[in-house]
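J.: Can you build the whole structure from these sequences, using the hints too?
Respectively, the protein sequence lines represent chains A and B.
Numbering-wise (our numbering), the first sequence opens with residue 2 and increments by one.
Numbering-wise (our numbering), the second sequence opens with residue 2 and increments by one.
None of these hints come from the bench; they were simulated from the model.
Calculated from the model, a selection of chain A residues having no Cβ within reach of chain B, i.e. all distances over 12 Å:
| id | residue |
| --- | --- |
| 1 | Arg-24 |
| 2 | Thr-26 |
| 3 | Asp-32 |
| 4 | Asp-57 |
| 5 | Thr-60 |
| 6 | Lys-114 |
| 7 | Thr-117 |
| 8 | Asp-118 |
| 9 | Glu-160 |
Below, computed lysine-lysine pairings styled on DSSO-like, alpha-carbon distance capped at 27 Å:
| id | chain 1 | residue 1 | chain 2 | residue 2 |
| --- | --- | --- | --- | --- |
| 10 | A | Lys-216 | B | Lys-216 |
| 11 | B | Lys-14 | A | Lys-114 |
| 12 | A | Lys-150 | B | Lys-14 |
Every residue, glycine too, gets a C-beta built ideally from N, C-alpha and C.
Number of protein chains: 2
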Amino acid sequence: MNDYPVTSRNRVKRAHERGRYDRETVHAILDAGIICHLGYSIDGQPFVTPTSYWRDGETVYVHGSSASRTLRDMGGGIEACLAVTHLDGMVLARSGYHHSMNYRSVIMYGTAKPVTDPDEILAALKIFMDQITPGRWDECRPVNEQELKATCVLAMKLEDVSAKVRTGPPVDDEADYASPMWAGVVPIHTVAGDPIADPRLPDGVPAPDFATSFKFTA
Amino acid sequence: MNDYPVTSRNRVKRAHERGRYDRETVHAILDAGIICHLGYSIDGQPFVTPTSYWRDGETVYVHGSSASRTLRDMGGGIEACLAVTHLDGMVLARSGYHHSMNYRSVIMYGTAKPVTDPDEILAALKIFMDQITPGRWDECRPVNEQELKATCVLAMKLEDVSAKVRTGPPVDDEADYASPMWAGVVPIHTVAGDPIADPRLPDGVPAPDFATSFKFTA
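T.: If you want it as structure tokens, here you go:
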């Protein structure tokens, strides 16, 4: 099957017609972003940490400092909820109630487990970098032992996951379509600007393609 | 004092030099966005819900369907963590380790409490709409009783909150500045496109200013 199983946890409850469970949709939404919000709970206190993430097959990775509270507390593997959201448009309807947003989101549940094998950590980090800045991993000064020790990588399996997507114009109450007011969608995009060279960069070093036409997925 | 108090919960631990606790910074980051990620925990299971939010003074509001799991479960007021994150740039350094991102984020902790007074709910919703689409509340078909009943608004006080901000070029190890590779920042922006009229809109209705030059804060 090409769909993720629907469980009591990942089933889209509100606006369930917007729910998607197919791998293609889930992967595409994940691959279009770089910031996730990672939720977890310690002694009943909820925490949400914005952090970068990347996907390799059916695994989603996050990384950070080994010393960070989030990642240290997750060290043994803890229950997490990882959310990725892309805002695509403001939906302006003819009643306040039917105002909405177009979006693509993924919510995944599972255990965030530390990757312990140094080679596996390096391989995962290389995938991350190659996806957004192809070739840069090999160009960079290699990771040294101290940096590797200071870096924590956590892996979550894509199993208990769903996507939610809204597209298109407002859906108004039939009677409200007679309203003379403007209605429609204001599209929202995330775009990259022109690269800004480091002030300490020597003159004449050209910005690479991945910087001049930046996108999140290679 | 113009700063929020620093507590064990809101203190920025990692990269603490990026932490900000002043109202001006916190308010500006909140006002620049529309999507937050709301974290909460039910029986130890963490949930993260992407949803819209708005600020009025020292209160942050979220809203949704009265029937939604998130908001229903929060009905009595539950502990929440609300995160707002703006990605401002990809920071490309000379080592993998020093790659980073420029960003502005706010994390707030507290109890999300339902607003129960219908007049207060309507006032809060009007503020939301007036901030992003000035004048539209008065133009819209008024909220009816059924819609009001179906709408849940939750309020969180700005008390236990912090911001975190990174700006500027990469910070590399001194020896790595001799590298011949390009380094710098790729700025990332969220922008609005040209409004798309609802296919059912009569000809000749002009898009209002808030749609042609959309921004999140009025």
